[in-house]
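> Put together the whole structure using the sequences plus the hints.
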Amino acid sequence: MKVYTSDQSTEQSTSERVKVGVADYAVTESGAELVTSGLGSCVGIALVDTETGIAGLAHAMLPAASDGRSQTDGGGPDPMSNDAKYVDTAVNGLLREMVDAGADRSRIEARVAGGSAMFEFNAGDGAVGERNVEATEEVLGEHGIPIVATDVGGDHGRSLSFDVSSGTLSVRRAHGDTRDL
Amino acid sequence: MNLDIQSLRTFSDLAHSGAEEAAGSLTALTGFDARVAVTKIEMATRSDVEREFREGDLVTVHIGFSGAIAGHTILAFDRERAVELVDALVPGASDNPESDLATSGLKELGNIMLGGFIDGWADFLGDGIDITTPTYVELDADRSLEDVVTPEGSSDVEAEAAEIETELDTGHVLAFRNHLETINEEAGFYIYMLPTHDSVDTIVDAAGDSGDTIPVETFTSFSEMITEGAGQASEDLTAMTGIDTTVDVSRLSFVPVEGVPMELTDEARRGVVLEFTGTPSGYIAILFDHDSAESVADALMPGMDSDPAMRQSAIQEIGNIVTSGFLDGWANTLETTIEISPPTHVDDIASAIVDPLVTELARTQDYAFLIDSAIVTPDETFTCDIYALPDERELRAAFDQLAPEQQAN
Numbered sequence: 190m191k192v193y194t195s196d197q198s199t200e201q202s203t204s205e206r207v208k209v210g211v212a213d214y215a216v217t218e219s220g221a222e223l224v225t226s227g228l229g230s231c232v233g234i235a236l237v238d239t240e241t242g243i244a245g246l247a248h249a250m251l252p253a254a255s256d257g258r259s260q261t262d263g264g265g266p267d268p269m270s271n272d273a274k275y276v277d278t279a280v281n282g283l284l285r286e287m288v289d290a291g292a293d294r295s296r297i298e299a300r301v302a303g304g305s306a307m308f309e310f311n312a313g314d315g316a317v318g319e320r321n322v323e324a325t326e327e328v329l330g331e332h333g334i335p336i337v338a339t340d341v342g343g344d345h346g347r348s349l350s351f352d353v354s355s356g357t358l359s360v361r362r363a364h365g366d367t368r369d370l
Numbered sequence: 288m289n290l291d292i293q294s295l296r297t298f299s300d301l302a303h304s305g306a307e308e309a310a311g312s313l314t315a316l317t318g319f320d321a322r323v324a325v326t327k328i329e330m331a332t333r334s335d336v337e338r339e340f341r342e343g344d345l346v347t348v349h350i351g352f353s354g355a356i357a358g359h360t361i362l363a364f365d366r367e368r369a370v371e372l373v374d375a376l377v378p379g380a381s382d383n384p385e386s387d388l389a390t391s392g393l394k395e396l397g398n399i400m401l402g403g404f405i406d407g408w409a410d411f412l413g414d415g416i417d418i419t420t421p422t423y424v425e426l427d428a429d430r431s432l433e434d435v436v437t438p439e440g441s442s443d444v445e446a447e448a449a450e451i452e453t454e455l456d457t458g459h460v461l462a463f464r465n466h467l468e469t470i471n472e473e474a475g476f477y478i479y480m481l482p483t484h485d486s487v488d489t490i491v492d493a494a495g496d497s498g499d500t501i502p503v504e505t506f507t508s509f510s511e512m513i514t515e516g517a518g519q520a521s522e523d524l525t526a527m528t529g530i531d532t533t534v535d536v537s538r539l540s541f542v543p544v545e546g547v548p549m550e551l552t553d554e555a556r557r558g559v560v561l562e563f564t565g566t567p568s569g570y571i572a573i574l575f576d577h578d579s580a581e582s583v584a585d586a587l588m589p590g591m592d593s594d595p596a597m598r599q600s601a602i603q604e605i606g607n608i609v610t611s612g613f614l615d616g617w618a619n620t621l622e623t624t625i626e627i628s629p630p631t632h633v634d635d636i637a638s639a640i641v642d643p644l645v646t647e648l649a650r651t652q653d654y655a656f657l658i659d660s661a662i663v664t665p666d667e668t669f670t671c672d673i674y675a676l677p678d679e680r681e682l683r684a685a686f687d688q689l690a691p692e693q694q695a696n
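The listed protein sequences correspond, in order, to chains A and B.
Numbering-wise (our numbering), the first sequence opens with residue 190 and increments by one.
Numbering-wise (our numbering), the second sequence opens with residue 288 and increments by one.
Which bits of chain A does chain B cover? Going by a derived footprint, with three or more residues having C-beta under 8 angstroms, they are:
hint : segment
1    : 211-217
2    : 222-233
3    : 344-353
These aren't lab readings, by the way, just hints derived from the structure by calculation.
A quick note: this is a predicted structure, and the numbers were derived from the prediction, not measured.
Each residue gets a CB set at the ideal place from its N, CA and C atoms; glycine is no exception.
Rendered as structure tokens:
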């Protein structure tokens, strides 16, 4: 499956608002606002180079590509699978695009939101949200990127709006409660 | 005609990349920065598609195609969006949106976008596909798709397109539904493709693997089973609330897992989520907007001074009833048992409610069968949205049980 915005994830336009879908990420260097909706167990990862303002937002579903269907099918990685679906490949892709756009890894900081546990399913192996957050911490740690603020866990959904110019990640819950990170 | 999962994926990929081509053309021609939000394959009847156009108040441009594959493609947009587009294409023409100048602008746009959409399929099949001249259509209550695509004084291609209509009339069609959106706007554009049964076969032959095929009749049987389930749920809901209800929508579609939450909005919804286990197992969400939830709770406790906890348990009870109505028919038809978990009450962002259900499925599958139904009341007292997400492999097992004799073919 193609990454929905792979061909335009570096936004050159002056659009004020860029929507990031599920299993998707986008990079902006124009100071646009990056938004994504409906994080349940999914995790939202907002990165910004504080000096250049080059920023990105990812909306990932599962911790690692190895957790995907390739594992249960017993085959290799699925060539049709979407990198932005997994925390590890999404962060790697996001960083690569930001660096390509001129960001410096040493100046990038991260804000993380999502990864809630809204339901307890019998069939699931549980705590996907928690594992998404752990995977995010791990992969960002590997790249030496500090997490400056988080709003993770709990049992409720979140929608995110990343104001790149101020570096503020607004986390909105249902019924309008908003917390700025 | 048989379908298999590999063919459905190929269909989905072709439709998605075709829609991306079309979105690129739209951006180049009009300056609207468009992208593909969701690509779905629906088992639908023609009347389902027509109703969607009418209810959405969509303005449409139709193009028939024939050759390697045959059928219809339709570009549809919200009326407001159509006016904006006309302005971008033919400055000033939107002052008179009914004029030939305005509609010819839209037809030309349709020609380029739908032509681009179809090209990818021709490339995949390594064979040519001819397209008809575009027809501009505003569907209203008096007109059907057939009226508008059956041409007068038609060319060969058009005559062939008219024949296609007859075939499409025979019942369910595979409809490829692509939702395009602009960066800033939720609402947007839709590209539909309705290929003939023979054309679906052609693509399956080119794309499919030989194993695991499912006769298309099985999909249609399943689609009918879903409709019956929604009907039962509607009856049970009426019995419980004393309010007349009808099934407004009942659809089976095949969609990339990440596309499912994007079908729902960012608004708050109340309702319940349940897990079902059996053949198939999966997840179900029964959701109401705020006013609908209040109306349903009121209907269950007429005249009572109820506290929030009582209202929550009323919603849970409704969720139980609707789920049983919806799934019991499946268990009967499939001669299996489907166990339903206790309902978990939710009051959250609609897309976030569905997100964890899809994430569970995403661990083992890239695509999902999405069943979505809406039960409404004629007086608009409430709307009840049902989303069911069965496990793909188990659903296939269920398909096998539904039509064992056809599987042997």
